[in-house]
Amino acid sequence: MSTTRHHINRQRRRQARETRPTPSTARPDGTERTEHPVAGTRARGATAVLESAPAPADDSPTAKAPKAAGKAAGEAAGEAAGARPCRRPPLLVVLCALTVLLGGFAGWAHAKAEGLRSEPARSNTALTDLARTSEIKGQVTKAVDRLFSYDHADPGALDKAAQELLTGKAVDQHRELLADVRERAEAQKAVITTTVTESAVERLDGDRARVLVYADQSSVATGGKTSATDEKSKAGAGEEAAQDEGVYAAAMLAVDVVHRDGRWLVAALDTFGR
Amino acid sequence: MKRAVRLLDAGRSRPLPALALVLTLVAAGFAAWAGQDWYRAAHDEQAAYAVQRDAALSAGEQAVQNLNTLDHRELNRGLDLWESSTTGELHEQLASGREEFAAQVKEAKTVSTARVLSGAVTELDDRAGRARVLVALRVTVEAADGAKTDKDSRMLGELTRTEGRWKLSALGQAPVGGTSTG
Chain A
12 MSTTRHHINR QRRRQARETR PTPSTARPDG TERTEHPVAG TRARGATAVL
62 ESAPAPADDS PTAKAPKAAG KAAGEAAGEA AGARPCRRPP LLVVLCALTV
112 LLGGFAGWAH AKAEGLRSEP ARSNTALTDL ARTSEIKGQV TKAVDRLFSY
162 DHADPGALDK AAQELLTGKA VDQHRELLAD VRERAEAQKA VITTTVTESA
212 VERLDGDRAR VLVYADQSSV ATGGKTSATD EKSKAGAGEE AAQDEGVYAA
262 AMLAVDVVHR DGRWLVAALD TFGR
Chain B
25 MKRAVRLLDA GRSRPLPALA LVLTLVAAGF AAWAGQDWYR AAHDEQAAYA
75 VQRDAALSAG EQAVQNLNTL DHRELNRGLD LWESSTTGEL HEQLASGREE
125 FAAQVKEAKT VSTARVLSGA VTELDDRAGR ARVLVALRVT VEAADGAKTD
175 KDSRMLGELT RTEGRWKLSA LGQAPVGGTS TG
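Sequence order for the protein chains is A and B.
Just so we're aligned, residue 12 is where the first sequence starts under my numbering, counting upward by one.
Just so we're aligned, residue 25 is where the second sequence starts under my numbering, counting upward by one.
Bound conformation, chain A alone:
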């Protein structure tokens, strides 16, 4: 569609040029004629227009074309230069407008896409990345089990766990949290066992994650039955649930982990101010 108009425009221009030198006598010069067939072969539809056999679709503009050309030529040859901008712009203007519109749309759509992608919900891949989520849950469960369990007969195990599983400020936090647990366990000759009952990944962003953990802590006094019960009644602490199997305590904590060397290390422990 636009190409045929382009051709028509070109034909008009050419016609105007041809008619200018001899406005009164019109075309029939040998020299100008030679140009005609050339144009005709290049754009057949447009030549038909020039031959004053108007195409049915472009009826009115084509019919006017020779007249307008003659007029333009007749008015002033010098003004032909001024007439050109009137005719050329449509194509250029259309192209420029299209460029601006398309460019504008591209920019707008890109901004929209970026806006969608930067939504906080998307940067958190907890659960959306199921494999990584369960990997974290598994490793954190094991880590918490080890880090909060203590056997008075094997105190080295806790230190080893701390060395292997902790990093950053979690090292100090863990030492503080476990200090009195360790003391109590030593005094009672107890075995403290922590079992994670529930865990869920709150957020997972690249190689950092935060996990909410529910854990049960049981302490079982070992070594001579009588002495154990003695210790218990002494250290009593008003624990009503002091049965032979042990005392259970409910714990909840949030654990920040970082991915390092293919493993998730505990970087911070949050016991919610307890």
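Because the hints were derived from the structure by calculation, they are not lab data.
The reader is advised that the hints may include incorrect statements.
[To be verified] Keeping only pairs whose Cα atoms sit at most 20 Å apart, straight-line, the calculated DMTMM-like set for lysine to aspartate or glutamate is:
1. A:Lys-200 <-> A:Asp-165
2. A:Lys-123 <-> B:Asp-174
3. A:Lys-123 <-> A:Asp-267
4. A:Lys-153 <-> A:Asp-218
5. A:Lys-123 <-> B:Asp-68
6. B:Lys-133 <-> B:Asp-174
7. B:Lys-175 <-> A:Asp-165
8. A:Lys-123 <-> B:Asp-61
[To be verified] Among the chain A residues that face chain B by a calculated CB cut under 7 Å, a handful are:
9. Gly-114
10. Ala-132
11. His-185
12. Arg-186
13. Ala-265
14. Asp-267
Every residue, glycine too, gets a C-beta built ideally from N, C-alpha and C.
We have chain A; now place chain B onto it with these hints.
Positioned in the frame of chain A, the structure of chain B alone reads:
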């Protein structure tokens, strides 16, 4: 002379539409790329799932907090909020036990205020509209004599999506002691 100038003009101006055409095509290419990029970003299934997860979590945290907050001076408002935060069986339980519970709280004259410490989604079935959340809660109970006690609760909640909104369909505390106490 004039004709020569004009021919020269024509020769020089032809690259201009060509250049404009090239620019337009380049712009069209960018537009097409940006358009499909936008479409994909908007129809990203993972992202839709993440949005549901966050919606479920925030609704779950709010509902758990609502259900642990009650002021004996504003009983009706509080209990209305309880009912609007829940659905299914839990909703029925709350509705049927409302009178009795209201009488108890009126008698005790307590004010409970809950604060969510942390929360996370453990399971989410986007299609079925079901989710399971952990919510760590701190409940402060103010007795009639003004004494305040803090209690931490490890809540487990189940959410069901009804009419596009996530509501609590079950709520309980995580059991302590595992098999030994059972």
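Margin query: What's the verdict on Lys-123 of chain A and Asp-174 of chain B, does the C-alpha distance respect the 20 Å limit or exceed it?
Written below: violated, 46 Å
Note to self: Next pair to validate is Lys-153 of chain A with Asp-218 of chain A; report whether the Cα-Cα distance is within 20 Å.
What the structure shows: holds, 18 Å
Note to self: Less than 7 Å between beta-carbons is the criterion; does His-185 of chain A satisfy it with respect to chain B?
What the structure shows: For His-185 of chain A, the interface hint is violated, since the closest Cβ of chain B sits about 19 Å away, which is over 7 Å.
Margin query: Run the distance test for Lys-123 of chain A versus Asp-68 of chain B: straight-line Cα separation, threshold 20 Å.
Written below: holds, 14 Å
Notebook entry, point to check: At a threshold of 7 Å, is the proposed contact between Ala-132 of chain A and chain B supported by beta-carbon distances?
Noted result: Nearest chain B Cβ about 4 Å off; hint holds.
Margin query: For the restraint on Gly-114 of chain A, tell me whether the closest CB of chain B is nearer than 7 Å.
Written below: Holds - the Cβ of Gly-114 of chain A comes within 7 Å of chain B, reaching about 4 Å at its closest.
Checklist line | 20 Å limit on alpha-carbon distance, applied to hinted pair Lys-123 of chain A and Asp-61 of chain B | finding: Given pair Lys-123 of chain A, Asp-61 of chain B holds - Cα atoms ~9 Å apart, limit 20 Å.
Check: Hey, Lys-200 of chain A versus Asp-165 of chain A, does the alpha-carbon distance stay inside 20 Å?
Finding: holds, 11 Å
Checklist line | Agreement of hint Ala-265 of chain A with chain B interface, Cβ distance less than 7 Å | finding: holds, 5 Å
Check: Do the alpha carbons of Lys-123 of chain A and Asp-267 of chain A lie within 20 Å of each other, as the hint requires?
Finding: Answer violated: Lys-123 of chain A to Asp-267 of chain A is near 33 Å, above 20 Å.
Next item on the list: Take the C-alpha atoms of Lys-175 of chain B and Asp-165 of chain A, compute the straight-line distance between them, and say whether it is at most 20 Å.
Entry: violated, 34 Å
Check: If you draw a straight line from the CA of Lys-133 of chain B to the CA of Asp-174 of chain B, is it 20 Å or shorter?
Finding: holds, 17 Å
The structure fails to meet hints 2, 3, 7, 11, 12 and 14 from the earlier list, while all remaining hints are met.
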